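*Asks:* This is what each chain is made of:
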Amino acid sequence: MIDVSAVRNLFPILNQKINNHDLIYLDNGATTQKPNSVTRSIEDYYKKVNSNVHRGAHYLSNLSTEKYEQTREKIKNFIGAKKTCEIILTKGTTDSINLIANTFDSNINEGDEVIISEMEHHSNIVPWQICCDKNKAVLKVVPILNSGEIDFDKFQSLLSKKTKLVSISHVSNVLGTINPIKKIIDLAHKFKAKVFIDGAQAASHIKLDVQKLNVDFYCFSAHKLYGPTGVGVLYGKESILNELEPYQGGGEMIKSVDFNKTTYADLPHKFEAGTPNIAGVVSFSKSIDFLESVGLDNIKSHQEKLLQYATKKLLEIKDVIIYGPKHQKAAIISFNIKNVHPYDVGVLLDKMGIAIRTGHHCAQPLMKKYNIPGTIRLSFAVYNTTKEIDLCIDAIKKSKKMLT
Amino acid sequence: MIDVSAVRNLFPILNQKINNHDLIYLDNGATTQKPNSVTRSIEDYYKKVNSNVHRGAHYLSNLSTEKYEQTREKIKNFIGAKKTCEIILTKGTTDSINLIANTFDSNINEGDEVIISEMEHHSNIVPWQICCDKNKAVLKVVPILNSGEIDFDKFQSLLSKKTKLVSISHVSNVLGTINPIKKIIDLAHKFKAKVFIDGAQAASHIKLDVQKLNVDFYCFSAHKLYGPTGVGVLYGKESILNELEPYQGGGEMIKSVDFNKTTYADLPHKFEAGTPNIAGVVSFSKSIDFLESVGLDNIKSHQEKLLQYATKKLLEIKDVIIYGPKHQKAAIISFNIKNVHPYDVGVLLDKMGIAIRTGHHCAQPLMKKYNIPGTIRLSFAVYNTTKEIDLCIDAIKKSKKMLT
Amino acid sequence: MRLIDEIQQEIISDFNLFSDWTQKYEYLIDLGKELKVLDAKHKTEENLIKGCQSNVWLIAKKEKNSIVFTADSDAIMTKGIIALLIKILSNQTPKDITNCDLFFIKKIGLSEHLSATRANGLLSMIKQMKLYAYGLENK
Amino acid sequence: MRLIDEIQQEIISDFNLFSDWTQKYEYLIDLGKELKVLDAKHKTEENLIKGCQSNVWLIAKKEKNSIVFTADSDAIMTKGIIALLIKILSNQTPKDITNCDLFFIKKIGLSEHLSATRANGLLSMIKQMKLYAYGLENK
Ligand SMILES: Cc1ncc(COP(=O)(O)O)c(C=O)c1O
Ligand SMILES: Cc1ncc(COP(=O)(O)O)c(C=O)c1O
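If you read the sequences in order, they're chains A, B, C and D. Mapping of the first sequence onto our numbering: residues 1 to 404, in sequence order. Mapping of the second sequence onto our numbering: residues 1001 to 1404, in sequence order. Mapping of the third sequence onto our numbering: residues 2001 to 2139, in sequence order. Mapping of the fourth sequence onto our numbering: residues 3001 to 3139, in sequence order.
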């Protein structure tokens, strides 16, 4: 059980007034708020440590490097990786996916296939479109069922010897669907395809064990895990990462540079060219501390409770249509009200201090599948309460009345 | 004239004790310290604004987007660009260079040539090596004179119709050389070659006017301009940027995504896939405020004074060899002491609380040219004082005595 | 036709009567509902101004010396604001449209809807209206 | 040969005599200067442990039951620490080398030089010494 009010005390932004109402922040799928410890850690870093990493021989630069590498170690343990060198620090999920789409493509040749699903975020679509275009490979799309789940039979039938990579989200940012990634990974491996899992919406509440999952690549963004903006994680199996060419050149990603022959550094530095977001990375370790002190399982069950509660309340409103599965679902609800444009609801809720997201959620193909311009999305985090949901439901009712 | 002690008050880190000595931070070429206003702005952002940009229809996400875009506007004015859409926000100089090396390469075909110089930072070498390799183009290297200046005659003779791009640093991070970029740009343009200027070491003290310079691309990192880590700027002429394919896919860089046909967003969003380092970008506007309130010209003349003073004092020490030009030089001094390894000096200075950098400074080809394992580098910023230089000189003398 | 600024003043006075945001937004919604719907045949790709969330369709016709705008949106709130804009700008001369300053937006507290960060296509619509006016003025 | 831990204790006692860092570092520098130089022919790519800033060359030979290390560096401070390491680890049995805990480093306040963030090749050298010992033990 979580003491929500104690948790809320760690998040000063939740005391904001918006349009004369207490802020109710239900846009956690877009980004989460940050606990004091994260902000303080950024401040501390700049006021006491700031120096470039991996470069100097002086006290502060050593300290900076140590703190930077400690985060890597913490991430390694957080996701159950075997070695720290398998943790590449990027600027976010999108950066992580592009990194692999641009380097793993050495394994993708003319006629090969990459599989994604119909529910993917643009960040897990466009890089593969570009990658397949470039390599004359074919992008195959697993359709989803009306229930919002992957059509597993279709997935199975799409797999073949031509499949080089499967890239699927762990949790859909629109529907909340928790995909059966273990089954997907095991099946894909039978065809010697590698599997990339976009964990942007999963890592903040699902305990990971990348070794047990046997996943080849996994990624997420710190800003959706109560961490800073501009920091992302890419996990990759050492043996695979070692085979890939670097993505960006420059800075400390080299062993030696010569106009005739440049050799690259070992993992993870090979993939971390240039001065990284040091303050961000250092402070991200405080987010992981926060997650672990509250406990991922506690976060999960708290969010599940909110999900159940909000779903029930929403369905009591006439003409509400909820998209997505009934079970195996994360704390994300996408819905619409018959004959009402989602944008209008967003505008009115905002007037009442409620921050939600409306629109296509960077998943236009999914909108097309449901033939809708967008959805109204509520997405919950550890600091949300059933009282907030009550207020939100009231506001939705009021909006509906105004709009119809 | 600058009131240095007033400036120093804005930088709390300068009151640190390192190894029982007052910190003397002379590693500004690697990264600069941050004024309170920048740190405070990050804190404010997370405590009052935090929300994702370009996405929501709610109050905070609008505010966040506005603040993010205000920084872009400020950067535009800071460097004299014509339009805000010419300002691409990246994660740093290295990211900016890689972005262009990966997209401008559509203009680089087999047999074409890219010109860089012998004094470049690895970040302005390796991306072009990879780019040329990939496109079967030839990387040409302008040698530098012993004085540390570009061999302009050689540069002229390397230019030809085959030259598609010239990429040169505005200021060398090792030698401090201020390159004659206006001359380089004008000459290259005669051959219809585009010019990329790596301004990492220049933008904090040289007033820019990219339109007057008529430069095609210019880039720098916020963290070297008293700003946060993880933020970079890429300026590009609108007409050229418009012609380039996107670098990364995902998030808000699209107009519409369809499995059959994806169309990309307009500038600058086309090049900004994924959630950016919002807090970093927002706070960078405070760095520009800081630079403008002190005044770039004041910063420049203050640093020049430090440069002159330190150079004179250093040359009074027997067996000191300074690399680089005597004039047209930024506040960076690279030197060695005869028969002493630079690393040893760095270690001893560190013991005395003095943070400098030793080593190859990510410019191994330059080290090779001078046939040295590295240099000892002092690099000055607006908050440094002649008193700090005196203490540093004493420490160098003491180290020399211990080591020889 | 009355002057653009006169109409704006009138709208501002109307809005001043509302005591809270709910009334204001209900009024906007009503305006949106009352807006003459655009014939389906006009809802073409060509007339579309794509916002990230809601779409706007805009048509401009020259009648004598003035320009007549008709427009539509899939979101009712956007439509409400369109109705106001049409009230003000339709049937005005190209010159007046090009030169006008739409100060009413700020005065009635709707500037958030017309900021660059809003993904509703309204800002582009205003730009487009001025562009049409400019184009038709110089024809 | 005395035990590894005995030698470490002795070094710690020696260092305890110094009242400030200058003395300690001067001592290290002297050790570095006194270290038997490595013949140029041994300074091969193969024996090189490349640090980002200073290089280390390391050679291991088995003599009877123990291993003899010789090493060199281009930086004198690195050489000083190498001299200490050789004092402790050279002429010891492979087993003792593999199993030893180099606690003296921390005790005499040099751990900063042997942290993973230091670009002097020393840490890799210790790893390499243990690796050699392990390899030679099992031959
Ligand atoms: C001249 C030059 N170019 C490029 C870089 C790379 O900048 P960053 O590490 O911020 O990407 C630096 C900084 O180290 C530099 O001095
Ligand atoms: C499932 C999914 N994938 C990818 C992303 C992109 O993450 P970011 O914007 O942090 O790069 C998101 C977040 O919007 C997401 O929800």
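Think of the hints as simulated: they come from the structure by calculation, not from any bench. In this text, all values refer to a predicted model and were calculated from it rather than measured experimentally. Watch out, some of these pointers could steer you wrong.
Stated by the list, open to error - A few chain C residues facing chain A, derived, Cβ under 10 angstroms:
| id | residue |
| --- | --- |
| 1 | Thr2022 |
| 2 | Ala2040 |
| 3 | Gly2051 |
| 4 | Met2077 |
The beta-carbon is built from N, C-alpha and C at its ideal position, and this holds for glycine as well.
*Asks:* Look at each hint and say if it fits the structure.
*Replies:* How the hints compare with the structure:
1. Thr2022: 7 angstroms, holds
2. Ala2040: This interface hint is violated because 16 angstroms lies over the 10 angstroms limit.
3. Gly2051: Holds: closest Cβ of chain A sits about 8 angstroms from C/Gly2051, inside 10 angstroms.
4. Met2077: This interface hint holds because 5 angstroms falls under the 10 angstroms limit.
Hint 2 alone, counting from the list given before, is not met by this structure.
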